[in-house]
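Undergrad: I would like the entire structure built from these sequences, with the hints used as guidance.
Line by line, the protein sequences are chains A and B.
Quick note: the first sequence uses this note's numbering, first residue 5, plus one each step.
Quick note: the second sequence uses this note's numbering, first residue 511, plus one each step.
Hints listed in this document are in silico derivations from the structure and should not be mistaken for laboratory results.
Here the structure is a predicted model, which is why all the values come from computation and not from measurement.
Check each hint, because a few of them may be wrong.
No farther apart than 27 Å at their CA atoms in a straight line, the calculated lysine-lysine pairs in the DSS-like style are these [said to hold, decoys possible]:
#: 1; chain 1: A; residue 1: K6; chain 2: A; residue 2: K85
#: 2; chain 1: B; residue 1: K527; chain 2: A; residue 2: K92
#: 3; chain 1: A; residue 1: K92; chain 2: B; residue 2: K547
#: 4; chain 1: B; residue 1: K545; chain 2: B; residue 2: K592
#: 5; chain 1: A; residue 1: K6; chain 2: A; residue 2: K92
#: 6; chain 1: B; residue 1: K574; chain 2: A; residue 2: K85
#: 7; chain 1: A; residue 1: K6; chain 2: A; residue 2: K116
#: 8; chain 1: B; residue 1: K545; chain 2: B; residue 2: K641
#: 9; chain 1: B; residue 1: K641; chain 2: B; residue 2: K600
#: 10; chain 1: A; residue 1: K116; chain 2: A; residue 2: K92
#: 11; chain 1: B; residue 1: K621; chain 2: B; residue 2: K641
#: 12; chain 1: B; residue 1: K600; chain 2: B; residue 2: K545
#: 13; chain 1: A; residue 1: K152; chain 2: A; residue 2: K33
#: 14; chain 1: B; residue 1: K641; chain 2: A; residue 2: K92
#: 15; chain 1: B; residue 1: K592; chain 2: B; residue 2: K527
#: 16; chain 1: A; residue 1: K33; chain 2: A; residue 2: K85
#: 17; chain 1: B; residue 1: K641; chain 2: B; residue 2: K583
#: 18; chain 1: B; residue 1: K645; chain 2: B; residue 2: K621
#: 19; chain 1: A; residue 1: K116; chain 2: B; residue 2: K760
#: 20; chain 1: B; residue 1: K701; chain 2: A; residue 2: K116
#: 21; chain 1: B; residue 1: K574; chain 2: A; residue 2: K92
#: 22; chain 1: B; residue 1: K899; chain 2: B; residue 2: K866
#: 23; chain 1: A; residue 1: K85; chain 2: B; residue 2: K527
#: 24; chain 1: B; residue 1: K527; chain 2: B; residue 2: K545
Computed footprint of chain A on chain B; a stretch qualifies when at least three of its residues, placed anywhere within it, have a C-beta under 8 Å from a C-beta of chain A [said to hold, decoys possible]:
#: 25; stretch: 548–561
#: 26; stretch: 609–620
#: 27; stretch: 798–805
#: 28; stretch: 830–844
#: 29; stretch: 876–885
Don't be surprised by glycine CBs; every beta carbon is placed ideally from N, CA and C.
Okay, here's what each chain looks like letter by letter:
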Amino acid sequence: MKQVFVIPERCMGCRSCEIGCAVQHSKEKTLFSAVLQSPPPMKRLFVESTDAIRMPIICRHCEDAPCLRACISGCLYRDEKGFVRRRKERCIGCWTCIMVCPFGVVTRDREKHIAVKCDRCHKLDTPACVAACPTGALVLVDIDDMPKETRQRLVLAGQKGVG
Amino acid sequence: MRYLVIGRSIAGITAAKEIRTNDSLAEITVVSEEKAKAYYRPLIPFLIDREEIDIFFPDDPLEKYGVKTLHEKVTGLDVTAKEALLSSGKRLGYDRLLIATGSRAVIPEVKGFQGEGVFPLRTMDDALGIKSCAKGKKRAVVLGGGFVGTKVSAALRHIGLGVTIVERCDQVLPQRLDRGGARIVAEAIRKAGIGIVLNDSVSEVVRESGTIVSVRLSSGALIDADIVVIAAGARPNTEPFRSSGVQVGKGIRIDEALRTNLPDVYAAGDVVEYVDLVTGELSVSALWTNAEEMGRIAGRNMAGANIKYRGFLGVMNATEIMDIPVMSVGLIEPEGSGYEVVVDDAIGTYRKLVFKEDVLMGVVFVGDVAHAGIYTNLIRNRIPIGSLKEEAIRGELGYIHFVGTVPHQTFPA
Numbered sequence: 005m006k007q008v009f010v011i012p013e014r015c016m017g018c019r020s021c022e023i024g025c026a027v028q029h030s031k032e033k034t035l036f037s038a039v040l041q042s043p044p045p046m047k048r049l050f051v052e053s054t055d056a057i058r059m060p061i062i063c064r065h066c067e068d069a070p071c072l073r074a075c076i077s078g079c080l081y082r083d084e085k086g087f088v089r090r091r092k093e094r095c096i097g098c099w100t101c102i103m104v105c106p107f108g109v110v111t112r113d114r115e116k117h118i119a120v121k122c123d124r125c126h127k128l129d130t131p132a133c134v135a136a137c138p139t140g141a142l143v144l145v146d147i148d149d150m151p152k153e154t155r156q157r158l159v160l161a162g163q164k165g166v167g
Numbered sequence: 511m512r513y514l515v516i517g518r519s520i521a522g523i524t525a526a527k528e529i530r531t532n533d534s535l536a537e538i539t540v541v542s543e544e545k546a547k548a549y550y551r552p553l554i555p556f557l558i559d560r561e562e563i564d565i566f567f568p569d570d571p572l573e574k575y576g577v578k579t580l581h582e583k584v585t586g587l588d589v590t591a592k593e594a595l596l597s598s599g600k601r602l603g604y605d606r607l608l609i610a611t612g613s614r615a616v617i618p619e620v621k622g623f624q625g626e627g628v629f630p631l632r633t634m635d636d637a638l639g640i641k642s643c644a645k646g647k648k649r650a651v652v653l654g655g656g657f658v659g660t661k662v663s664a665a666l667r668h669i670g671l672g673v674t675i676v677e678r679c680d681q682v683l684p685q686r687l688d689r690g691g692a693r694i695v696a697e698a699i700r701k702a703g704i705g706i707v708l709n710d711s712v713s714e715v716v717r718e719s720g721t722i723v724s725v726r727l728s729s730g731a732l733i734d735a736d737i738v739v740i741a742a743g744a745r746p747n748t749e750p751f752r753s754s755g756v757q758v759g760k761g762i763r764i765d766e767a768l769r770t771n772l773p774d775v776y777a778a779g780d781v782v783e784y785v786d787l788v789t790g791e792l793s794v795s796a797l798w799t800n801a802e803e804m805g806r807i808a809g810r811n812m813a814g815a816n817i818k819y820r821g822f823l824g825v826m827n828a829t830e831i832m833d834i835p836v837m838s839v840g841l842i843e844p845e846g847s848g849y850e851v852v853v854d855d856a857i858g859t860y861r862k863l864v865f866k867e868d869v870l871m872g873v874v875f876v877g878d879v880a881h882a883g884i885y886t887n888l889i890r891n892r893i894p895i896g897s898l899k900e901e902a903i904r905g906e907l908g909y910i911h912f913v914g915t916v917p918h919q920t921f922p923a
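TA: Spelled out as structure tokens, the structure:
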């Protein structure tokens with residue numbers, strides 16, 4: 005199964021991933037129309053930084069997904085590809101998922117009063133964020149092709165840095 | 511192995527699912543009084559005012575996991591014979607049993623409660639009863655200003671009734687929200703045209719030839735009413751097991767594997783008494799999310815695992831009231847010394863953080879709930895916040911501050 009990984013020291017903080025994500029989730033899926041759309045389309049990942057590190061914070065589609073387990077309305081579900089997605093019509097805007105996501109990647113659509121989260125661009129081969137990243141800080145990797153050590157290194161990248 | 515699950519809400523359903531996942535040959539039966547398909551109980555207030563609402567589980571999880579369902583009332587246990595006693599007189603044998611009977615509505619003894627037009631709100635049938643009774647009615651009085659009371663009030667107002675909430679505490683959402691947050695919520699509720707009477711209770715439902723005409727309060731005030739909804743809280747539904755020898759405190763007592771004192775009898779969800787992670791005291795949880803976690807652990811343990819349950823956060827509420835997002839987690843109204851409380855209610859939003867030294871103990875967010883899960887995780891796992899206190903207070907905390915550390919622990923290994 006292919007997973008999105010983040011390589012923090014390749015991230016310049018250009019936010020191309022955020023723009024790519026918002027455009028992909030806009031009505032017409034072009035930058036031009038997305039900019040004019042009202043209300044503007046929402047991004048599903050967030051470039052955050054400290055003095056020591058900068059990287060996009062993405063939905064992990066956790067195996068043990070707190071949002072999915074906490075959902076009180078049957079909105080969140082795991083699709084056949086393993087992605088945690090919404091049945092939008094079932095969301096009641098109770099924000100329980102926002103309360104329990106330890107990554108802070110579920111947000112609020114203030115117009116529609118429903119929760120918004122990454123759908124891993126389930127219709128695309130490559131998610132828009134990965135496609136938009138100019139430095140290879142966001143990569144789509146088949147985890148079977150990635151040695152365990154590399155994976156661990158990426159997971160712990162924030163502490164140790166990646167060589 | 512024959513597994514019997516009593517109760518078919520989220521604790522029972524999740525347990526049945528986990529049993530099936532871990533024991534493919536298991537013979538699983540779930541028994542429930544309710545005849546309807548499994549549904550999301552938190553959604554029932556919406557049945558009153560939203561025609562399009564679908565409250566049922568999308569794929570019938572019990573059917574999907576090959577679980578037999580019985581619609582019967584359990585009246586007791588024969589622990590020696592390992593059988594559950596049913597109201598029909600039948601007996602159901604088990605090798606392992608889960609009590610997941612949830613809670614039932616508290617109905618105070620009030621003159622005039624007996625008869626038409628007075629409803630608790632605990633089941634789908636209660637909600638549908640309110641909906642059909644409210645048709646053509648003008649005035650509702652809702653007894654209790656907690657989550658159920660405010661939600662049912664909003665729904666009744668939405669379909670055109672005049673609504674008054676009567677709450678015996680000095681704030682709405684008592685125990686679920688601090689006073690500062692409750693003031694903002696109460697203002698929004700009033701703005702929506704719903705009356706709120708605090709520090710008072712209903713002493714009588716006044717009827718004329720059976721029909722409700724008004725409600726008398728303990729203070730002596732009289733409020734016109736055609737329909738009364740009782741939302742005065744819920745209590746663990748332990749009654750059927752009182753004579754079985756199972757230990758009961760505030761709810762059914764369990765150990766860290768969710769076993770009761772009876773052999774092969776487990777309990778999970780609203781019905782149990784267990785440790786509140788913030789206060790360290792034994793308490794009951796009436797929260798869907800906690801019941802799901804307990805059901806998950808109980809199911810696995812019944813199927814042979816040995817997972818320890820750490821406890822729950824008694825306050826872990828999120829909702830939207832009158833278009834205002836509201837969230838409260840952990841210790842929100844600390845008593846005694848040793849706590850640092852930071853409140854920011856400057857710009858249309860309300861944020862309150864409670865610290866004990868450098869551990870975040872509780873938060874209240876009203877108006878803006880962005881990144882709230884970061885805070886919940888800190889509270890739940892008692893992660894020392896160290897030099898990040900200022901970021902937390904300013905609302906600038908993000909996962910970036912914790913990259914490379916243990917991210918979260920939702921399921922104790």
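Undergrad: All hints, please: hold or fail.
TA: Outcome of the hint check:
1. A hinted pair counts as satisfied when its Cα atoms are at most 27 Å apart, and A:K6 with A:K85 qualifies at roughly 10 Å.
2. For the suggested pair B:K527 and A:K92, the alpha carbons sit about 24 Å apart, so the restraint of at most 27 Å is met.
3. Under the criterion of a C-alpha separation no larger than 27 Å, the hint pairing A:K92 with B:K547 is consistent with the structure, at around 22 Å.
4. Distance hint between B:K545 and B:K592 is fulfilled; the C-alpha atoms sit about 25 Å from each other, no more than 27 Å.
5. Taken as a hint, the A:K6 and A:K92 pair is honoured in the structure, with Cα atoms around 25 Å apart against an allowance of 27 Å.
6. Using a Cα cut-off of 27 Å, the hinted pair B:K574 and A:K85 holds, with the two alpha carbons roughly 19 Å apart.
7. Restraint check: the Cα-Cα separation between A:K6 and A:K116 comes to about 32 Å, which exceeds 27 Å; the hinted pair is violated.
8. With a CA separation close to 19 Å, the supplied pair B:K545 and B:K641 stays within the 27 Å bound.
9. For the given pair, B:K641 sits about 35 Å from B:K600 by alpha-carbon distance, which is inconsistent with the 27 Å threshold.
10. Of the supplied pair hints, the one linking A:K116 and A:K92 holds, its CA atoms being roughly 10 Å apart against a limit of 27 Å.
11. Between B:K621 and B:K641, the direct Cα distance comes to roughly 24 Å. Compliance with the 27 Å bound is thereby established for this hinted pair.
12. Restraint check for B:K600 and B:K545: satisfied, since their Cα atoms lie roughly 18 Å apart, inside the 27 Å limit.
13. For a cut-off of 27 Å, the pair hint linking A:K152 to A:K33 is broken: about 36 Å separates their Cα positions.
14. In summary, the hint linking B:K641 to A:K92 is supported, as the alpha carbons are separated by about 25 Å, within the 27 Å threshold.
15. A distance of roughly 22 Å separates the Cα atoms of B:K592 and B:K527; the hinted pair therefore holds under the 27 Å criterion.
16. Proposed proximity of A:K33 and A:K85 is supported: the alpha carbons are some 23 Å apart, at most 27 Å.
17. Proximity of B:K641 to B:K583 is assessed by CA-CA distance (about 26 Å); at most 27 Å being required, the pair is judged to hold.
18. Among the hinted pairs, B:K645 with B:K621 is consistent with the structure: their alpha-carbon atoms are about 24 Å apart, no more than 27 Å.
19. For the given pair, A:K116 sits about 40 Å from B:K760 by alpha-carbon distance, which is inconsistent with the 27 Å threshold.
20. For the hint linking B:K701 to A:K116, the alpha-carbon distance of about 21 Å falls within 27 Å, and the restraint holds.
21. Between B:K574 and A:K92 the CA atoms are separated by roughly 23 Å; this keeps the pair inside 27 Å, and the hint holds.
22. Distance restraint check for B:K899 and B:K866: the Cα-Cα separation of roughly 11 Å lies within the 27 Å cut-off, and the hinted pair is therefore satisfied.
23. Of the supplied pair hints, the one linking A:K85 and B:K527 holds, its CA atoms being roughly 20 Å apart against a limit of 27 Å.
24. Distance check on the hinted pair: B:K527 and B:K545 sit about 20 Å apart at the alpha-carbon level, within 27 Å; holds.
25. Restraint check on the stretch 548–561 of chain B versus chain A: 4 residues with Cβ-Cβ distances below 8 Å, three needed, restraint holds.
26. Counting residues of the stretch 609–620 of chain B whose C-beta lies closer than 8 Å to any C-beta of chain A gives 0; at least three are required, and the coverage claim is violated.
27. Only when three residues or more bring their CB closer than 8 Å to a CB of chain A does the claim for the stretch 798–805 of chain B stand; here the count is 4, and the claim holds.
28. Coverage of a stretch by a chain is defined here by at least three residues with a beta carbon nearer than 8 Å to that chain's beta carbons; for the stretch 830–844 of chain B and chain A the count is 5, and the condition holds.
29. A count of 6 residues in the stretch 876–885 of chain B with a Cβ less than 8 Å from any Cβ of chain A is obtained; the coverage claim is therefore met, three being the minimum.
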